[in-house]
Amino acid sequence: MTKNVKPNKLANSIKPLKLSNSMYCALLVFQLLNLLTLVQQFHWLYLLFAILALALQFIVHFKTQGKITSLSKSNKIINDYPAVKILPSWLVLLLAISGSIGIAISGTRLGLLLSMIHLLCFAYSLKMFEVTSRKDLYQLVVLGIFVATSSLIFIQSIYFSLAVIVLIFSNFLILLNLFTPKMSLLAQSKLLAKLSFYAVPLAVILFVGFPKLSPLWQVPNVKSAKVGLSDSVKIGDIAQLALSDELAFRVSFEGNTPQHAQLYWRAMVLDDFDGVTWRQASRDLDQRRSDAATKQNALSSSTVELRGEGINYQVITEPSFQSWLFALDFATSEQSNIGQRSDFSLFYRSIISQTFSYQVTSYPQAILTAKLTKQVRALNLALTTDNNPRLLAKAQQLRTLYHDDRQLINQVLSEFNQQDYYYTLQPPSLTGNSLDQFYFDTRAGFCEHYASTFTYLMRAAGIPARMVVGYLGGEINSQGNYLSVYQRSAHAWTEVWLPESGWQRVDPTAAVDPERVESGFSSNLMQEYADLSSGLFSTQSLRAMQWYKQLKMHIDAIDYQWTRWVIGYTGEKQSRVLEQLIAGFTKAKNIFYLLLGLGGIILLINWYKATHVKVKNQHEIKQVYLNTLQLMASHGLVKERAMTGQQFTKFIAITRPELLENFAVISDYFEQFFYQNIDNDLSKQVLNNDVKKLKYHYRRLRCQLWLAKLTPTKEN
Amino acid sequence: MQTVVANILAQIESVVIGKPHQVKLALACLLAKGHILIEDLPGMGKTTLANTLALTLGLSYQRIQFTSDLMPADVIGIAIFDEIKRSFQLHPGAIFNQVVLADEVNRASPKTQSALLEAMEEGRVSVDGVTHQLPEPFFVIATQNPMSHAGTYPLPESQLDRFMMRLSLGFPSIEAERKILQSTNSHRDVAKIEPFLHVDKLQEIQQHIATVRVAPAIVDYVIALCRESRKSESQAKALSPRAGKALLAAAKSWAFIEDRDYVLPEDVQAVFSPVCEHRLAPQQHHIFEEADELSQQILAQVDPTNPLA
Amino acid sequence: MLAKQKINGYRSIKTLVKLALQKRFNAWLIRRIPRDSQQQINHRNIFIMPTRFGTSFVLFIFLLFLLGTNYQNNIILLISYLLVSFFIVVLHHSFFNLSGLRFQATSSLQGFVDSQLYFPIVVTSDKTRFNVGFYFESLPAMANSQGSELKRSDKPNKITIDHVAQGDNNIRVPYRVSQRGHYSLGRVVIISEYGFGLFKTWTRLDFAQKITAYPQPIAYAWSDSVQDTNGEEEKKSSESYQDSFQAGQDEFHQLQHYQLGEPFSRVAWKQVARGQGWLTKQYQQTLSGKLQLDFTYLPAGTLEQRLSWLSYAIKDCSNKQIAFSLKLPNQMIEYENSAQHTLKCLAALARY
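Protein chains in written order, with the working numbering: chain A, 809 to 1524; chain B, 1486 to 1794; chain C, 2 to 353.
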């Protein structure tokens, strides 16, 4: 027993679907585009499968097309044809099962996330074979959107993101075509674009205002090779990194950008040297992992003494698939997902698998660890191997000469400076990574050589020292007022501990190649760099050109703003923006502007409505007359539909005789022009004059009506 | 020209008392070369009107009383064999007159009716294979008593639009009735009316009417009205282009009578109901004034100043 | 046994409840969307609901939101916000696709039971609209008959216009006559799924038109009582006509000698010319029997059956152009011979 049966309610979604030619084409094209967004992540096997599937579908489509055109030539025109089942169902099922098994097998290698993505795309490819009812079409579109969206897990650059957004909305074209098959493609696209634009304001409001939740559960992360600095450094590592042009991170300072020489970006501290490689001491790794990096903690900590002004800045780092973060000494961050180690380096509580933004406040004048514990002291003096005897001897020699630590340090540095030590991207190789050989013989190296040797020397001389790895400097983009730090700015330096002053930074590179510290690569280095990185297609000359630089800067700036505002819009940022907005709203000046803006919009809408609902006609005189009728109607004098002009004039004569004078001119002229003098071809001149006269009377009439409305003198 | 028409009207109205509007319509129809169908109860003055019209316009007049045994030959005429001359002579039927009053046309059999209607359409008749032209001008004023059902053959719907207008005189007003009852005229006095026009003059008037200017706006108005009638399918029939033409012709005639040389929408509105009602709702019979409901509906839907909006 | 009774009882309670709810719903509907032959769709009488696809789409957006939140990926979040916003925009767009449509339906329907009729509606639109479907809402009375399923006929009972052009469009909505009588046509459901299939927008309009459903003609060998003009009653058992001779004018019957006073138009002049003397042509009017279709004289059967037989008889008569009169227990329709008369009689049957 059914109530109000809609007999075709179900039928609509189950009845066999008729796809038009263009629709089928569209489905194939969108499938291709959607899958294209993920193409970089695909396993080659799946790629092959997808291409084959697509090719098969294309071929079948063209074949059926050919059949139809030949049919239509013979008798009738068939525009739609029922969705052809390309492969029999059992084959599709077989493919599905085998594909799932294949993905499960390579699951461990791909990683959980990628396996799931593959599964999704596999289902998407197969779905195309089974489009029989409208329901299937819906599923296909939704799957397509899902596939395209998931590509954004891997790539977040602005241009890619925008392209994906456009692609996602374009998927709706398929659905639009389903309901409006007769509309041209252009008209459909226009309509879709219009609707999408209308969707933007609300989306922006939601984005800005809707609370950001922290992850509800742990999700499988993108697995990828680590990028950038690694947690173990041996001689030659950083020099290799120096050839890379990739972006490491970007920084926006709230106030003025500090000097280049101040921009030592601390990433990690390496204090365990086994003769070849510097590593992080394992003990340190476990200790206090859960410490937050907040200012509160810093204030209450015994190892830090905050002093001076803080510098606020926002860092946005590219995915490194590691967890350390970059900051200037001494850094605090209020974000809950950031921790701080006992060596003051910041880290992220997970792997950085996508562009990550964080807010930092640094206190460069803070004193770090004014007092050392015995443990820490011992750790930082440890020289676990003695394969550098000459250095040991040198250290002892220096120790006897200079009792004061600072003097000792200065001596070493001035030796670096005055004797011929070279700073080069292509340091000669050392046998057994012997620091001795470097210091005494080759005397040419990169930052890690000098830092490593210096730290060793310090430790040998009894001064606690450790190596710090990170980045130095960066390039300012004047367009966007931010700093870009590339992998080639990777740097290593030393921290020594002096009593009462705590840990102090000493950069031996500054002694050898001051330009490196002051402003980046020196011209020598640039030349080396150019020689080393030029390949078959040298873009070097291109890069040197000014306009290219400018263009790149512009593009980067846009990308940065996008990254900062969209990707970097964290929960903390949101709360700050909302605070600012609310504060801004309460300011009277802003309220005034807002009201003004609203008023302007309302006026605009009214004006648009008024002009849009114009009566359509060609003749100017008729238009004036009809406008007059509208005018009268808006003042309550409505002409009934079937009334002729004369009848209405009589009506006005009876009810509002004072208006008759002006109205009659227009009405009579209309009558005369339209019914009587049809043979007379009035010259354009005369016509224009007449129109002007009519418009004049129209205006007078309008004045009369408004005056009458505003001064209610006589009652009926 | 105008005074002539005014005088014609005055004269007719002096005989057919109290129905100035219908008289005007009838005259307009005749001047527009159309046939009239009058539906009325007996005794309203149909015959008087027809007679007066014919006489005033100086046209020959004949009344045919249709009965159930009336043969087509009675209407059209027969070829009688003259024994002396030994040849067939046409004995013209009553139809060979300039104004023919076909009284109670629904009492005759369909055969006879079609003879009349064909003649109206063709303007000529054929008797025993020989074609004879009907006089020029030629008008038929047919009457029906809509209330009598028994033994009647109502005119077929498809033929009804041969008549340009359908009128109904109806009951007179009190004033008019008073005059009628008090008048000493009898219908025999009708014959004493002097003709006002010569038939040439009539044709001149008709040609003049043909030159009345019809603005495109008027044509649009008529088109809009016709289209409006086509919107509802089953209850009312739609107005065909033939109806549109009849409407325009009648409107021109009306404009002429109103002493104008151009047509106004008012003219179209004035003649719309008589011209179109019988085409829209052929079944309904037009006795009472309220029965032109459909026409009023259609008129109400169209804006004359902006008809094809 | 008991279980079956229980089930039946439960079913009947369910039906009662449903009927009661339906009554209230209909009353509310009548208040909200009154009957009129001219209707316009506006915010007062539009209903919008998401379709199945619409709700699953919302779930999908939620899924995307979760994805974005878990990966802390702002772009995916932005996309989910965009899609939500788009969803709302499409809601409005679907609304505007239907809102503003004007309808005019001024004709009533007449037809036999079980025939397919078409109800004309004039749809006036000020802009192009898409995917507008029309169908008649089935009456609850019919759904309850015998508790049977609605028959799935091959003929469609819904029409969908893909593209409603600007201006006037004439459409014909199919209507299957199911019951005899004179009753209101009920509501026409106007439904559209234009908004990307996400929403279905509909309204139910009652155009205040009635249908006169004549009983379905069922053939039978009908007998009739025949009266000739002389008033004698004669019964015939099959459809035959009396060949009574009556002076009429339809068919030429014979020649007779001319008698003085007969009109010249009756004279057979050809014969005169041939020298056969003066003869007059006599005509005969085929007098079809004046049939009276009488309800009480029908063979035994249910009311519906007898009405159906009468209906068949009337249809037959009118096809053969036989004049007849109809006698029902409560009324009598005079002898006549016209299409209008046929309709009148059929209508009387419908209303009985």
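Check the hints yourself; a few may be wrong.
The calculated DSSO-like cross-link candidates involving lysine-lysine, where the alpha carbons are at most 27 Å apart (straight line), are [to be verified]: (1) Lys990/A with Lys1570/B; (2) Lys345/C with Lys1716/B; (3) Lys1518/B with Lys1430/A; (4) Lys1570/B with Lys328/C; (5) Lys1596/B with Lys328/C; (6) Lys1509/B with Lys1458/A; (7) Lys24/C with Lys128/C; (8) Lys316/C with Lys328/C; (9) Lys1002/A with Lys316/C.
No lab work stands behind these hints: they were computed from the structure.
Against the structure, the hints come out as follows:
1. Lys990/A with Lys1570/B: Violated. Lysine 990/A to lysine 1570/B sits at ~80 Å, over the 27 Å cutoff.
2. Lys345/C with Lys1716/B: holds (25 Å)
3. Lys1518/B with Lys1430/A: violated (34 Å)
4. Lys1570/B with Lys328/C: violated (61 Å)
5. Lys1596/B with Lys328/C: violated (31 Å)
6. Lys1509/B with Lys1458/A: Since the Cα atoms of lysine 1509/B and lysine 1458/A sit roughly 23 Å apart, the hinted pair holds (cutoff 27 Å).
7. Lys24/C with Lys128/C: violated (36 Å)
8. Lys316/C with Lys328/C: holds (15 Å)
9. Lys1002/A with Lys316/C: violated (59 Å)
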